[in-house]
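Listed below, chain by chain, are the residues.
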Amino acid sequence: MSATTINAPAVALPPTSTFIQRFCRNRTAMVAAIILLAIVLIAVFAPYIAPHDPARSSLRAILKPPSAMYWFGSDDLGRDVASRLIFASRLSLVASLQAVAIALVIGMPLGLIAGYVGGWVDTIISRCNDALMSFPALILAVVIVGLMGPSLTNAMTAIGLVYAPRIMRVVRGSTLSVREEVYVRAARATGCSDTRIILRHVLPNVTGPLVVQATVLMGQALLAEAGLSFLGLGTQPPEASWGAMLGTAFPYMAESPVPTIAAGVVISVTVLCFNLIGDGIRDSVGRMRRSGD
Amino acid sequence: MESDTPLLEVRDLSVQFPSPHGWLTVVDKVSFNVGRNDIVCVVGESGSGKSVTMQAAVGLVQPKGGRIKSGSVRFDGQELVGMGNRQLNRIRGDAIGFIFQEPMSSLNPAYTVGEQIAEVVRRHRGLSRADAWKRAVEALDRVHIASAASRAAEYPHQFSGGMRQRVMIAMSIACDPKLLIADEPTTALDVTIQARILELLRELQRDSGMSVLFITHDLGVVADIARHVVVMYGAQVVESADVDNLFGAPRHPYTSGLLGAMPQVALERGHDPIAIPGTVAQAHSWPSGCRFNPRCIYREEGTCTTTAIPLEPIGGGLVRCARAAELQSTLGRAMVTA
Amino acid sequence: MSNKPCLRVENLHVSYDVGSTGFLGKRRKLHAVNDVSLEIGAGETLGLVGESGSGKSTAGLAILRLIDVASGTVRLGETDVAGATRSELRALRRRMQMVFQDPYSSLNPSMTIAQLLEEPLIIHADIPKDERKAMIGRMLESVGLHAGYAARYPHEFSGGQRQRIAIARAMMLHPELVVLDEPVSALDVSTQSQIMNLLKKIQGDSGTAFLLVAHDLSVVRLMSPRVAVMYLGEIVETGPSGRVYDQPAHPYTAALISAVPFPDPERQRRVNRIILGGDLPSPMSPPSGCRFRTRCPFVMDICSKEAPPKVAVEGGGLASCHLHAHGPKLGGRSLNDFIRDKQIVSAA
Numbered sequence: 001m002s003a004t005t006i007n008a009p010a011v012a013l014p015p016t017s018t019f020i021q022r023f024c025r026n027r028t029a030m031v032a033a034i035i036l037l038a039i040v041l042i043a044v045f046a047p048y049i050a051p052h053d054p055a056r057s058s059l060r061a062i063l064k065p066p067s068a069m070y071w072f073g074s075d076d077l078g079r080d081v082a083s084r085l086i087f088a089s090r091l092s093l094v095a096s097l098q099a100v101a102i103a104l105v106i107g108m109p110l111g112l113i114a115g116y117v118g119g120w121v122d123t124i125i126s127r128c129n130d131a132l133m134s135f136p137a138l139i140l141a142v143v144i145v146g147l148m149g150p151s152l153t154n155a156m157t158a159i160g161l162v163y164a165p166r167i168m169r170v171v172r173g174s175t176l177s178v179r180e181e182v183y184v185r186a187a188r189a190t191g192c193s194d195t196r197i198i199l200r201h202v203l204p205n206v207t208g209p210l211v212v213q214a215t216v217l218m219g220q221a222l223l224a225e226a227g228l229s230f231l232g233l234g235t236q237p238p239e240a241s242w243g244a245m246l247g248t249a250f251p252y253m254a255e256s257p258v259p260t261i262a263a264g265v266v267i268s269v270t271v272l273c274f275n276l277i278g279d280g281i282r283d284s285v286g287r288m289r290r291s292g293d
Numbered sequence: 001m002e003s004d005t006p007l008l009e010v011r012d013l014s015v016q017f018p019s020p021h022g023w024l025t026v027v028d029k030v031s032f033n034v035g036r037n038d039i040v041c042v043v044g045e046s047g048s049g050k051s052v053t054m055q056a057a058v059g060l061v062q063p064k065g066g067r068i069k070s071g072s073v074r075f076d077g078q079e080l081v082g083m084g085n086r087q088l089n090r091i092r093g094d095a096i097g098f099i100f101q102e103p104m105s106s107l108n109p110a111y112t113v114g115e116q117i118a119e120v121v122r123r124h125r126g127l128s129r130a131d132a133w134k135r136a137v138e139a140l141d142r143v144h145i146a147s148a149a150s151r152a153a154e155y156p157h158q159f160s161g162g163m164r165q166r167v168m169i170a171m172s173i174a175c176d177p178k179l180l181i182a183d184e185p186t187t188a189l190d191v192t193i194q195a196r197i198l199e200l201l202r203e204l205q206r207d208s209g210m211s212v213l214f215i216t217h218d219l220g221v222v223a224d225i226a227r228h229v230v231v232m233y234g235a236q237v238v239e240s241a242d243v244d245n246l247f248g249a250p251r252h253p254y255t256s257g258l259l260g261a262m263p264q265v266a267l268e269r270g271h272d273p274i275a276i277p278g279t280v281a282q283a284h285s286w287p288s289g290c291r292f293n294p295r296c297i298y299r300e301e302g303t304c305t306t307t308a309i310p311l312e313p314i315g316g317g318l319v320r321c322a323r324a325a326e327l328q329s330t331l332g333r334a335m336v337t338a
Numbered sequence: 001m002s003n004k005p006c007l008r009v010e011n012l013h014v015s016y017d018v019g020s021t022g023f024l025g026k027r028r029k030l031h032a033v034n035d036v037s038l039e040i041g042a043g044e045t046l047g048l049v050g051e052s053g054s055g056k057s058t059a060g061l062a063i064l065r066l067i068d069v070a071s072g073t074v075r076l077g078e079t080d081v082a083g084a085t086r087s088e089l090r091a092l093r094r095r096m097q098m099v100f101q102d103p104y105s106s107l108n109p110s111m112t113i114a115q116l117l118e119e120p121l122i123i124h125a126d127i128p129k130d131e132r133k134a135m136i137g138r139m140l141e142s143v144g145l146h147a148g149y150a151a152r153y154p155h156e157f158s159g160g161q162r163q164r165i166a167i168a169r170a171m172m173l174h175p176e177l178v179v180l181d182e183p184v185s186a187l188d189v190s191t192q193s194q195i196m197n198l199l200k201k202i203q204g205d206s207g208t209a210f211l212l213v214a215h216d217l218s219v220v221r222l223m224s225p226r227v228a229v230m231y232l233g234e235i236v237e238t239g240p241s242g243r244v245y246d247q248p249a250h251p252y253t254a255a256l257i258s259a260v261p262f263p264d265p266e267r268q269r270r271v272n273r274i275i276l277g278g279d280l281p282s283p284m285s286p287p288s289g290c291r292f293r294t295r296c297p298f299v300m301d302i303c304s305k306e307a308p309p310k311v312a313v314e315g316g317g318l319a320s321c322h323l324h325a326h327g328p329k330l331g332g333r334s335l336n337d338f339i340r341d342k343q344i345v346s347a348a
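Protein chains in written order, with my numbering: chain A, 1 to 293; chain B, 1 to 338; chain C, 1 to 348.
What the hints contain is simulated information worked out from the structure, not anything from laboratory work.
Watch out, some of these pointers could steer you wrong.
[Unchecked claim] Covered stretches of chain B, as calculated for chain C (at least 3 residues, CB under 8 Å):
id : region
1  : 105-115
2  : 175-185
3  : 252-261
4  : 276-288
5  : 296-305
Nothing here was measured: the structure is a model prediction, and the numbers come from that model.
The C-beta atom is built at its ideal place from N, Cα and C for all residues, glycine as well.
So that you can see chain A by itself, here it is in the shape it has in the complex:
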């Protein structure tokens, strides 16, 4: 038999655990994901779940303690706190999503360009970035809201702007290392344009760290929204977000602590979930390693 190539037999391909499999094995992250999913479902189906109309106030039920009727008591205008928390989840989640989306839209392209092009382009983008990041985030947001006027959309746009440099930094860092990969050089050898290399070869390989950062930022944005709304710079009455509820309930903390605590716990749990999921993703993303001996 002469030495011709023999067709590779249909070997069973090696089993590599997928990202999902690895994430599912991470128990903490799974629990966090399930809790977050529950919160999202509650937000989506709020009208069917909430026991009361969140906007209807009853003069006979001002600052009531928790009861079968009012699970977490009622607020200073006689509204059901539980129902308001359920409805507020919509605003809080959408607001965080909005902030992170803005951060991604601004930060991702800048990060890709800075990392891929390098040179003076990188220097300029990175220096501006450093300057922005050396500013306390919330203060910067307060200034921006101050200029644009208080509203939830403005507040979250401000948060998004403030978070864009963090996204940019993560994307730039990953791009710098991906740029040196042999497959990027191989793409250039094939004749890919720079745009194509960035979109098809670099971007998909920086999404891992990017998703981690975005998830953690979701939690941060939720907190920032709460902070701004608490200060009256975010959600405006009669709308309710968790932060705004915390703000309105806080002055009555002495007479009726439950609404404050409930809002605080909901915020903390959600932020914690985002952080734990972020950790879980980071641990599961790791490149499939080759099976050496």
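We have chain A; now place chains B and C onto it with these hints.
The following block gives chains B and C in isolation, referenced to the frame of chain A:
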């Protein structure tokens, strides 16, 4: 006290690593000896289990998540399997020296090479700083690093790749080990540098009488340095013989196939290299029967594919092939120089 | 070389800017490739051999303009590659491709095999989608893989299979030239020969010229009829690979051949091996005269004074070494007899 027992005696060693599909056996009942004043090569491709065998023998698989399922490793009369880490640490780097493939990752860039070698000597021998330093310089001198005294005060990055490997060797022999384990020590080096490192190892072995356990994938290197050879495939030993017997008359189709696939051998025989078809067997899907059977041109349905094949003595060596006796003349004839 | 050249490289120089040495030091240039000229005929293979630091891979990259050329000409057919503009170059890539050493890092892990093979077609050719799919299937089968593997990701394959995929990707557009940068050295021995045989078969079918960059002379001997040996950025010997392999005319070539251990213990004990002393000198300050003189076991006085002339060698090719005109005055004969007489000898 020198006894008749081999220096290193590995018996039925099995090692497992966790995977999404349960524990995978990556070393399967491996047995071999390293005698005193001997050079043994373990040869195999990636995934053969050759490196894990070595790591398991000296207690280095547990930190990586693996476990020793069964078996025993006796070094100089002491059982190493199950020995505490503290005791193992006393042996590793002292009576057993190591050299790895990538010298740069085994040297600390923040310390001079002299300090690093002296540190090993101090830890194991409790010498004073000055004596340990002297010992380090001696060690560098033994591996033929010119003007060792001044170079000992230099940092690893000031050495070239081949020189770094010499430094690693100096560190591993500084305590006069009885056994030197070298895991692919020349794979990352250029061939002209490799030739000198092999020459050096041979010389050090001859002068000190230590034993060397050499792990490699290159049959050329094996022929150059080994006295005894253990061939691994699919986590098992498939053949074990003296170096002259192994190359003169390989008894396992895998060994002869590896030789036939080597470009130099093909050139000598005047034809294209004969590829071994297919891909290397993997731990998650060992073929039934002989693990090499899907790639073997001498495969016989039934004989080779149903029951596990034992490792059996033949012509002074050991071979794991159901057809070893009948193939003896066929495989022998295929050799270059017979 | 029979027919019109596919690739002609003349006086190629490549240099890198290396950071200043020491505080406020002067910026220095590292000459990685120095005055390299070579020619490959259509459908032919030329082997470029050397060790790390020889500049062989750099030369391969510069020929494809994947790194900048300092000076010299590179012509692919009638087209100037060295002087091509960015857009000309992208169009040229259709005609010249590359296969990299490590198939683990040269395939984008986030793309399927189909996407990887499709990309060159999308960039360079206007082919309808279903036809592209058929081409991918045919190409996969011609490199010995099932067409059904197209939907899988690179990490599901072994090293040898990945290298087949990389070869398929390079061959998708039937290029005139493929630079193979150590295509088998990262693979298991049993797989190496599969890939070598595959490359030969593909070349037979497609008539593509190969520039095979490798460190192993025996691989080059098997794959290509002609070879050029590089040391420290320069070509030191060229010729038909049979002649170079069996009768080297440059001491470096002889050392390179004898350093590769042969899988026969008896022969290993018997043969006279040239063991090179010293280390590769820094390419920032190469030795005067002959660049190999610091490690050459046969070094003479003249070697440090004059650069060696290119001498025509019996049996074909050129060697740049003073031994042919001075000392033993080999006059183009092989070094073999000379080495046997000398009883070499390791220079420590």
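Hints violated by the structure (listed by number, smallest first): 1, 2 and 5
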